[in-house]
Amino acid sequence: MGDSVLFKRVVLHCHQKIGADRTINNIYHLLTGRRSVQTVQDSHLYQLQTFHGIYRHLTKVDFHRLIQELKRDGYIKSVGQNEHTFIPTDKADLCLNGTRTNDDLLMTYFSGSEYYRMDESFYNRLLLFIQVVTNQKMNNYSYIPVVDDNETTQWLKRNFQQINRQLDRYITELHKELAHILNHLRDEHASIFVDQLTSYKLYGLSVSQLARTHHCSKGSIRLTRTAVIHYMLTQVTNNGHLFPVLSSFVPSEVTPSHLSQSATKTYTMLKKHFTLEQIANKRQLKLSTVHDHLVEIAYHVKHFSIDRFVSQADQKIIIKAIEKAETSKLKEIKSIVGDAFDYYQIKLVLSKAHQKEVGDTHGV
Amino acid sequence: MAYSEIVKRGLKQYFNYDFFREGQEEIILDVMAGRDVLGVLPTGSGKSLCYQLPSLLMSGTTIVISPLISLMIDQVKELKARKIKRVASLNSFNHYEERQRILTNLREYKMVFISPELFQQQEIREYLKRIQINFVVIDEAHCISQWGYEFRPDYLKIKDVITELNEPPILALSATVTPTVQQDIVKSLKRDRIKQHIYPMDRDNIALTIEHVANDVEKVQMITYIVEKYHVPTLIYFSSRSVAERVANELTSTMTGKNVAYYHGGLEQQDRLHIQQQFMNDQLDVICCTSAFGMGINKQDIRIIIHYHMPSQIESFIQEIGRAGRDGKDSLSVLLYAENDKFLPQSFIEQELPTENQMFFVLEQLMRSYEHGQTVDYLDSTFNRAELNETQWNFLHSQLEKNGMIKGKQINDNHDEWERATSRMNDFRQKRWQVKINKLQELLDWMFETECLRKTLYEKFQETYKEPTGQCCSNCSFNYDAFTPEEKVYKIEREQTWQKKLENIFLIGDDI
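Here the protein sequences line up with chains A and B, keeping their order.
141 is the number that our numbering gives to position 141 of the first sequence; each next residue is one higher, with no gaps.
134 is the number that our numbering gives to position 134 of the second sequence; each next residue is one higher, with no gaps.
In isolation and in its complexed conformation, chain A is listed as follows:
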């Protein structure tokens, strides 16, 4: 497999984890990083957090085209009545677990939920910064910026007013830092990354151009880029002192991990000891929406106690039911515990059970 088929492998991988539990639309939501409770929860349930939101600009059309291809080539087959539910075939198994390819390495770089949206800002900052310092170095002040979104432009203005005084330092240091990180990657991946950078009178290749020169799909190029950025972010955040310039490009996250805005508001009110009903009333939301927020918070905020909403005794009952059901499917769990509990309470317990698992494996 000379060609990069990263996009295919990513989808197959997700598919294999999820099996026939969910429809393919859930994979789409996962990759595009939908912030619904269901999607966030699924990513934890199936241990796919690292894939959450790694392909935010994926269109439905492109996704379904890929699914059709996978079906045609016998990687997946439909199950049951639902035309949106598939299971991976043996061929998919072979593809994922057979010969190791460069793509396997890339797949380990993803940290989707951790760098949710940060990756994009980081990449934009890096792109613009290189273009600005190199042009200023050559005394060229008339060029069209590769990135012109307000956030990035403002960031540059705020943080680098005196950029001119240290041009040489920035240029040498940033080159050194990038070379250092890229050296740890396969040449092919480093090359794809470098080809996208824009400098003085030298514009980077676009995604479609890269796809053509590397004989692979645009999806694979985009995912390669994201994987490299995630790798970079991991290196930079773990060893900040080695990468002073790149570190200054890492956006600081203010909200607790990655809560949606609305859930953040709910979270703030919870901390002020409002009850769920009061929050729903005050914010003119349905109670079920507040329940959804609660579950989202439980997944994302470490050490968030759910005892206020499900007593410890009740938690035990639900945990037993989960063990008995041997599945994470809510319906089956609910049928065991009966009407005594609400769905959201089961979801809350699931979230904590899951965090424990993750915690345990990390402990090893």
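Because the hints were derived from the structure by calculation, they are not lab data.
All values reported here derive from a predicted model rather than from experimental measurement.
Each hint should be verified, as a subset may be incorrect.
[What the hints assert, rightly or not] BS3-like, lysine-lysine: derived pairs with alpha carbons at most 27 Å apart: (1) 282/A / 77/A; (2) 407/B / 137/A; (3) 85/B / 201/A.
[Stated by the list, open to error] Not everything, but these chain A residues come out facing chain B in the computed CB check (under 10 Å): (4) 57; (5) 58; (6) 142; (7) 148; (8) 160; (9) 171; (10) 182; (11) 187; (12) 198; (13) 201; (14) 209.
Note that CB positions come from ideal geometry on N, CA and C, so glycine has one too.
Fit chain B to the supplied structure of chain A, relying on the hints for placement.
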């Protein structure tokens, strides 16, 4: 200080040029004096400078009405690259917040680009009324004329809005227009004392050639011959996106050492910017493109323009070849023609106008809606059923409005009027159809011309033409070997390692 002194200084200060090109100064001085102006300047002669400079020198805000969003966005980017920051564009791509920010700070801007649709919007008109407008630019003013090749119904309403804004001076600009269309523009603007600056549009440094070939295979062979022979920036025009892509891929695989890209309206914003800028910075030799490429591109040394497909009228052809040789050096236009090509533009024309059947279907629906007491909202959904595309629907909708059959959301209740209106609409539809077919025929006739191509190409627009600086045309014994443009050295070395490329990016090592 005299105006002529002020504009010269401004030219140096803002654009770093020492001299005006033909026509620019005359137009600018009239604009500065507050006169209404019609400026007709050939493509590539710096039309936009005619409003940019006075706008920067005068107080108040200039409104620039421009029909193409991508062109608008490009112009704003280019101005910002020149450190002219107080410019903005209002178009359907704006995010809500962005638009509000622009509207509430409207008076802070020197130039505001706007689409004709938004220019008419009630809300935006209210904002426009509150600021001091120094003059209004109508770019691509030929869109106002029903005799032109690119009539846009929205352009007809521009004048009413200008009246509502208390009649600021107008600068109407266009490249390729016949005298009939010029008169039509003047008439529609209702400004009797408008100053007309009309300049000849023939380009003496572009040799004109037409190659009659048997089929598409021979077209690609011809292109390969040309691209291999000359190492110069080259544009190849197509009327189809997919063919542009296909040929670009074919050229990439058959010609090593050439950087070929494609460009069309279906590309993502980011792709467009990259391809444009790579071409500007000599990283690409050849671009296979549709007419979407070129309008915002200010590249001086494009040397060869090839038409893989012919456009649908002479005006577009003149504009497209006009992108060659802006630096005045000898350049070349090659129009490739295979027998079946004439059907292509014909099908485009069909897509621009509704058929008679479609028109009657919509009218029938309209009548029924009226009887059921429904409004036009309902009608909007019928255009799908009549299988009208957007251009066709816009045409119909504006005709319905113009003939008083609908007003806003309401359907007119005067039934007696309907019959007359229907026949008026149908007449108009046929008239537009005929205009377009005639335009196409003009171009076809020219392509089979045996006389000098230069003389015959421009004779509809002007009486004389300049002597060519290099070779004239394929009917005046053009010879490829005698066309010897200066070769361009391209900077891309594909086979470099990424380490080396990264050094280049950071300006390290030997000179690039």
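Under the constraints set out in the numbered hints, which ones does this structure not fulfil? Going through the list in order, the structure violates hints 1, 2, 5, 8 and respects the others.
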